[in-house]
Amino acid sequence: MASPGVLVKPAVRGLALLYLTFLLVIPVGLIFWRTFENGLAPVIDGLTTQATIHAFQLTAVIAFWAVLANTVFGVVAALLLVRYDFRGKRVLNALIDLPLAVSPVIVGLSLILVYGRTTGIGQALAGIGINIIFSIPGMVMATIFVSIPLVVRAVAPVLEEIGDDQEQAARTLGAGPVQTFRRITLPSIRGALAYGVVLAAARSLGEYGAVAVVSGRLVGRTQTVTLLVQERYLNFDQETAYACALLLVVTAVLALGVSRLLAPKEIKR
Amino acid sequence: MSIIVRDVGKSFGDFAALTDVSVEIPTGSLTALLGPSGGGKSTLLRVIAGLESPDTGGVEIEGRDATRLPAQDRGVGFVFQHYAAFKHLTVQRNVAFGLEIRKRPKAEIKEKVRELLELVHLEQFAHRYPAQLSGGQRQRMALARALAVEPQVLLLDEPFGALDAQVRKELRAWLRRLHDQVHVTTVFVTHDQEEAMEVADSIVVMAQGKVEQVGSPDDLYDAPANDFVMSFLGPVTKLDGQLVRPHDIELFTETRPDTTPAVVDRVTRLGFEVRVDLTVGEEEVWAQVTRGTLDQLGIEEGRTVHVRRAAPVRAAAV
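In order, the protein sequences belong to chains W and X. Per this note's numbering, residue 141 is the first one in the first sequence, and the count goes up by one each step. Per this note's numbering, residue 4 is the first one in the second sequence, and the count goes up by one each step.
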């Protein structure tokens, strides 16, 4: 007698595929199709305007600093959460997940509330020549904020799993804290760390909401690729919009592919 | 004295792991910290190593106050129950770790590592990774790694606890021989009294965070300080309200001076040894005799025999 599982399995699989088809495959496929609808020339034209090149450069710069900050913070926070007991540990743990729960637009607005030109902090910083809002520092901060959990959450479970035996052994063999981290801890978490970094990079490249709010969307100055896509689309320059979107998608897919290669076994399964 | 522990106390939350523990470990000795789990022996070892800091009291290693010294400056070798092998390094690099940290010349490291791998019989595994070794091999690697930095004291935390019985027996004998070769002051933690008696020169019995008794295996076995030590170090039974070793109960077919009549409830043959369960008055007692004695006396279930406690005889020196 055939068990009901024989029928349930393909049905569930079909449903899942259908779901992904309508939500993911068709839209992304259409972007691909619309991009190359009129041949290659308009695509190349769209991607080589000054505004587009600037947007890609700006996005890369912002993603670089955001990923760097989150890599350092992520490793430190993961070590704190897994290896140490301290007051406020649960609060820190909850705060790290906050960016997943809060809409990026709210993140942007709250940054303006703190660092905007009308606030005390904003004016004080402007006094020494630092502008946070409507300029790159604010955009980097917004990007950092939305991608905070990615590195921490990739690294912490691996730290938990390897335990601190090896670190203690290194210490009894004469290694100081820095040597122990560099020679023992870091090689053990390398895969998970790379995975978290790639995820954070993908998230940083694609961030829209928080950056849109704090950037002021100044074309050629504070316009990242996602902002450019939106602006070009609204101005009926759909070719450029689609071309840039496709390039972002390709970058994201490549990043995901790389992250799959780097992912620790537990995450791959 | 190589290690002096003075009045050490250590609590984890409400749990007092160590209370006023004082122990002295002579230079060059092989000492076992023996006791039931949760008795504080691992904590004491970790306090000596600097992996835990004591709440009160102090630790001296080779005449130097080490109480506030971080683990990496104490000159101790530590071997963990679960090996703590550096998984991303080969056997060779694992053993070389401490020497690389100390920035010794490459040629010297190479020579020393070769020597140590020979000592622990892992020469042909130098280029393997820990994952490719058996448990016993990993633990030997961990030992070589700890010995590489020529520690003043070698500390082993339940070193054979994770291994199966056969390998455990081999490694015990091997540790004993190794100590005879290397002579480094060694302290190991175990909850297995047989392991402690077989390997150690001196045993520190610990329970509930306190030292119960310190002495040679023979001292502890023949002159236990209290009932706990007596019952922990070997089998015991009760005769006339006193703890007795079952092999110290003598059986006779007729009355003798100081004997008490007893009824044989059950005879269990365990190879060479025979366990005889008896009822003496209201008490249940068991005696351990040899097969020869059993056959000679013709003891069988239901018979009445006469028992007494054998006069304590010190093992005669051969």
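Source of the hints: derived by calculation from the structure; they are not laboratory data. Cβ coordinates follow ideal geometry from the N, Cα and C atoms, glycine included. Check each hint, because a few of them may be wrong.
Stated by the list, open to error - Quick list of simulated restraints, FRET-style, between CB atoms:
#: 1; chain 1: X; residue 1: G12; chain 2: W; residue 2: F321; range: 29 to 39 Å
#: 2; chain 1: W; residue 1: F321; chain 2: X; residue 2: R67; range: 47 to 57 Å
#: 3; chain 1: X; residue 1: E153; chain 2: W; residue 2: R227; range: 37 to 47 Å
To be verified - Non-contacting residues of chain W with respect to chain X, defined by C-beta distances greater than 10 Å in every case (computed):
#: 4; residue: F176
#: 5; residue: T188
#: 6; residue: R293
#: 7; residue: Q319
Do the hints match the structure? See the list:
1. X:G12 to W:F321: 29 to 39 Å: At 31 Å between Cβs, range holds.
2. W:F321 to X:R67: 47 to 57 Å: violated, 27 Å
3. X:E153 to W:R227: 37 to 47 Å: holds, 42 Å
4. F176: Consistent with the label, W:F176 stays out of reach of chain X, its closest Cβ about 46 Å off (over 10 Å).
5. T188: holds, 45 Å
6. R293: Check passes; 23 Å lies beyond 10 Å.
7. Q319: violated, 6 Å
Hint compliance for this structure: hints 2 and 7 are broken, all remaining hints hold.
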